[in-house]
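Trainee: Fit chain B to the supplied structure of chain A, relying on the hints for placement.
For the protein sequence lines, the chains are A and B, in the order given. Sequence positions in the first sequence follow my numbering and run 1222 to 1886. Sequence positions in the second sequence follow my numbering and run 2 to 345.
One or more hints might be untrue.
One side only, chain A facing chain B, incomplete, derived with CB under 8 angstroms [unchecked claim]:
1) I1397
2) K1398
3) D1401
4) I1406
5) E1433
6) K1436
7) S1440
8) E1445
To be clear, the hints were calculated from the coordinates, so they are not data collected in a lab. Note that CB positions come from ideal geometry on N, CA and C, so glycine has one too.
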Amino acid sequence: MVNLAIEKMKMMNIVSPIENMHSILEDLVIMGCFHIQNYTKSNSSDTLTMQLVSEAMDDSLDIGSIQKFKFEKTDFKDLLEKLSFIADSIDMELEVDNDIDREYNFEKIVTRLNSMYSVIAPIRKKMEDMRKSITEKEYFLENIRFLDTADVDISDIKNMKYINYHIGTLTKENRIKLRDNYENISAVVLHIGSSNDGESYLIFSPAKYEEETNKILKSLNFKEIEIPSDIKGNVSETSNMVRSQIAELERIYLEYKDVVSNINEHYRSEIIRIYSEIHLEQKIEHMKENVAATKNFFYFSGWIPEGDAESTKNNLEKKYEDIIVVEEKPEEINKEFIPPTKLKNNWVISPFELLVNMYGVPNYNELDPTLFLGVTYLILFGAMFGDVGQGLVFVIIGFLLKRRAKKGTDAKDYGEILFRIGLSSTVFGFMYGSVFGNEELIHAIVVRPLENINFVLYSAIGFGVVLLLISFGMSIYNLAREGDMEECIFGRNGVSGLIFYVALLSLGLQMLLNAQLLPNSVFIIIMILALSSLLFKKPLYSVISKKEAEYEEGKSTYYIEGGFDLIETILSLLSNSISFIRIGAFALNHVGLFLAFSTMAKIANSPFISVAILVLGNIIIIGLEGLIVLIQGLRLEYYELFSKYFKGDGKTYIPVKFIEEAEEF
Amino acid sequence: MGNASKYSALNTKIQAMNAKLLNSRDYEILMNFTTEREIGNYLKHNTRYSEVFSEYSIEKIKRWEFELVIKKQMLIEIEKLSKYLDYDSKDFLNVMFMRAEVEDIKLILRAISRKENLEDLPQHFLHNEKHELVSFEKLLSKNNLLDLVEEFKGSVYEEAFRSITEEDLKLREFHAEMNLDSIYFRELRKKSENLSNQDKNIVQSIIGLNIDLTNIQWIYRALRYYDLMNEEIFNYTLLGGNKLTLKRIKDMIYSDDVMSKTILFMKNYGIEIDPNDDKYLQVSINRYLLKFIDNANKDNPMTIARLIKYIHDIEFESMDIITILESIRYKTQDIPKLLTKRWW
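Excised from the complex, chain A in its bound form:
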C-alpha cells in the first residue's frame, strides 16, 4: 500500500539538571533527528510535561522562574579564521571527520588552537613582509627598466648638487593636467615608459625650486619611487643588483614556506580533529540558544519522528540517571505548536519533492502530494513530449547532471527529475512511434497523434477530468482531517463541489453522446442544489453543527461574495477541465514543429544541409519545446490541481545533525 501520509512526529521534552545539558545536547546532535522547537513562554507553562516534572522531582522546580537560557556565546568566527589560516598555509581543505572522539574538552581545544596559531602567525607575518618587499623591488625594477640602456650611474644622479631628480608614476587624468600646463613648470619631464600603475616619468628640476616642485608633484598625485639607498652603479648594474636581491628574498621566502608547511604537516590530523570538534560545538551552541532553564534544571523540546522516539528516549534514559523524557503526540498539545513535515517517499518519487516544495511544504495534517504529482507529471510530460530519441537525450542529460551534482543539492534532484521524465518521454515515444521526430522508423504502439487529432484531444480532457476527480477526493480527505467540516461538506472543493462537477460532466457527456441515462432536468436540479449549498454553506452548516453561524463581515457581504464565488466556481471548473486539452495540443504541436523542419530538410538542395536542418530542428525542439512542456506540465499541476487540494503551509523538518547532507563528501 502506498502511503500518502506524512511521517508522524512526536514532541519530545527533556528535563535534566543543568550540568548534563552539554552532554545531552551533544548526544542529540550526534543522533541527528531532533528538530528544535523554539522556546516560548507558553510551551513550558501548564503543559503535561511540567506537571510530570514537578511530580517526579522532589526539588520544587520553580516553573515560574523558567526562562530562556542565557550563556556566553563562543566566538566561533575567530576560531574558524585561525583554523583556516593554518589550513591555508599547507593547502589543506578543512573537512569534518565523521568519526569524532567525543571525549574532548572544548577549552583545551581552544588553548591548543591558539598556541598553534601563535607559532604560525609570526612566521607568516614575516613572509608577508618579505612578499611586500619583493613587490616593492619589482615595482622599482619595472619603473626604471626603461632607462636600462642609458649609460648613467645612479649614484651620479643621486649626488647632483644643483639638480634634483624624481622617478615615479602619474595617472591618466593627471598626465593630461601636466601636459596642458607644462609651460608653467620649471622642470624637465621625461616620459620613460608605462607600467601597471600608470605612466612612469623621470623629472629633473633645479634644486632651488625643490619645494615648489614637490608641491606641484604632490598636487598631481605623483607616486614617487624611492631608489634604495644601497644601490650604486649604472642603471643596468642597479637592475641586476635588485634582481639578485629579489632572488635572494624569494629563496628565503621559499625556505620559510617549507618550514611552515613542515610544522603544519604535523598538525594536519589535529587540525581536522579540532575543526570537527568546533563544528560539533557550534551545533550544540545552536541548540543551546533554544533551551529554557531555571537555576538548576534545563528544559528543551523538539520534534522527532515517531519511529526514532522510542530508541532516543531509551538511549537517553539509560545514559543519564536524572533525566525526564516526555513524549507527546501532536494531538495532545497546544494547537499552536505545529509539527514539522518530513516527507517519506521511495527513491523513484522522492526527487519530485523538490517540485512540491517549490510550491510549498505540505503541512503536517495534509496528504503528501508528491506521489500524485510525480506520477501525473511523468505522464503529462511524456504525453506532451513523446519521442524515443529526444527522450533519451533528456535521460542522458539528467544522468550526467545527477552524477555531477553533490548529494543533497537541488541540482541533484533536477538531474533525477530530468532522468525520469526523459524515460517517460521515451515510453510515450514508442506509443507514438516517433524517434527524433521521424515516424517511419518504428510502428506506433498506440496512435500517431497527428493522424488522430480528435482522439488525442478528447483523451487529454478525459485524463484531466480523472485527475480533477482525484484532486477532489484528496481535498475532501484533507479538509476532513483538518476538521474543517463546513468546507469539507459544502465547500467548492468539498462534497458539494464534487457533486456539482460530476453532474455537470454527466450532463455534458449526455448531450455530447446523445445518450440518456437520466433526464437532463435531473442533472440540472442536482446542480442547482449543489450550487445553493455552496452559497448557503454557513447557515446550512450551523444547522448541522448546531452552532450559531458567524459572519465575519456581515451577512450581506457574505452573500455578495458568495454570489461572485459561485460564478467563479462554475467558470473555474470548466476552465480547469478544458485546460487539460493542452496535453493533446502539445502532443500535436510536437509533431507539427518537427514537420516544419522536415519539410525544410526535404526541399534543401544538398543532403548535407538537410541533415543539418534536421539536427538543428531537434536541438530547437529539445531546448525550446522541452522547456515549454516542462513549464506547462508544472502549470497544470500547480494551478489546476494543487489549488484544489493542497495548502502547502507547513514547515520542513530540519533536524540538527552533526554533518548535514550537503556537507558530506
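Mentor: Relative to the frame of chain A, chain B by itself:
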C-alpha cells in the same frame, strides 16, 4: 522596457514620499524654536523623522548624534527607493552610498593624523556596512597611515592614496579630500554610462554641473584661504565639467584678475558672492543646483530626473535642519538666508 513603465512604480512611490517632506509650515515652526530640544521633539513627533529618532531620547541626544540621525534618514530613503529600480539604475544609485563612505573615510584619516584612538569612531559613521567598498573593520584595526593606505589597495579608493603622507594629512587636508571627491565623481560618471540614453544625458549634465560648481568653489577658496601656487590650484581641479574645461580653468587661474573672473563666473550662474562675507556661498550654490535639477525634472517627465530631484530634496532638507540647529546654537540672525530650500 520603456521609461514610462520603468519609472511608474518609482515615481508613484516618490510622489507619496514627497508628501512627507518638510513643508513651509514645518520650516516656519522649526525656525521659531529657541532650543535644540524643541526642534528634536518636533521632528520626532510630527515628521517622517520619527522613526530614526525613535531609539533616541531627545533629552539625552548628543549634538553629533542629532546630525547623524538626520543624515541617516536620507540614506534610509535612498535605500527604500533603490528597490524600485532595475539593475543598472540601482548600480548607479549605489554610488550615492559611496558619499557616506567617503565622509567616514575622512573621519578615519582625521583621527589618524591626530593620533586619536579609532575605537570610538564607528558610532560616528554614517555609511551602512552593506554598501562598503572597503572593509572598515580592517581600516579600524590600523593605527598608522602606511598600513591604512595598504588596506585601500585594490579598492576604488586606491588612487586617492597613491602619494599621501602624514604631512599631507596635517597641512593639506584638501589633498586627500579632493582626490576622494574626484574618485566619487568618476565613479558616478562610470556607472551612469550603463543607464538608458535619456537618463544618461540627464545624469551627466547634472554631474558636469556639480563638477563645475565644485571646481569654481575650490578655486575661490584656494585663492581666498589657502596659500597655493597656481599650478597646485590647477592640478587639484576635477576633470569633466560642463563649462569649465581644463583650458578655461587654466586661462582663469593664470589671468591677472583671477578673483574677479571667478566671481563673474559664479554670477553667470546666478550665484552672488561677496568676498568679504561669503557665508552664503554654499547656500547659493545649492539653490542653483536645486533649481537646475528641478528644471531637468520638469523637462524630462518619466525619467531618472525625478529620483535625482528627490534625493537632492532630502539632502538639502537635512542640511537645512542642521543649519537651523546651528543657528540656534550660535544665535545667528537671518536664518532664511542660510537655507537652501526657499520658501520665502
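Trainee: The structure should be examined with respect to each hint, and the outcome stated for every one.
Mentor: How the hints compare with the structure:
1. I1397: holds (7 angstroms)
2. K1398: This interface hint holds because 5 angstroms falls under the 8 angstroms limit.
3. D1401: holds (5 angstroms)
4. I1406: holds (6 angstroms)
5. E1433: Given a least distance of 6 angstroms, the restraint on E1433(A) holds.
6. K1436: The hint holds - K1436(A) has a Cβ within 8 angstroms of chain B, the shortest such distance being about 6 angstroms.
7. S1440: holds (4 angstroms)
8. E1445: Constraint on E1445(A) satisfied, holds at 7 angstroms.
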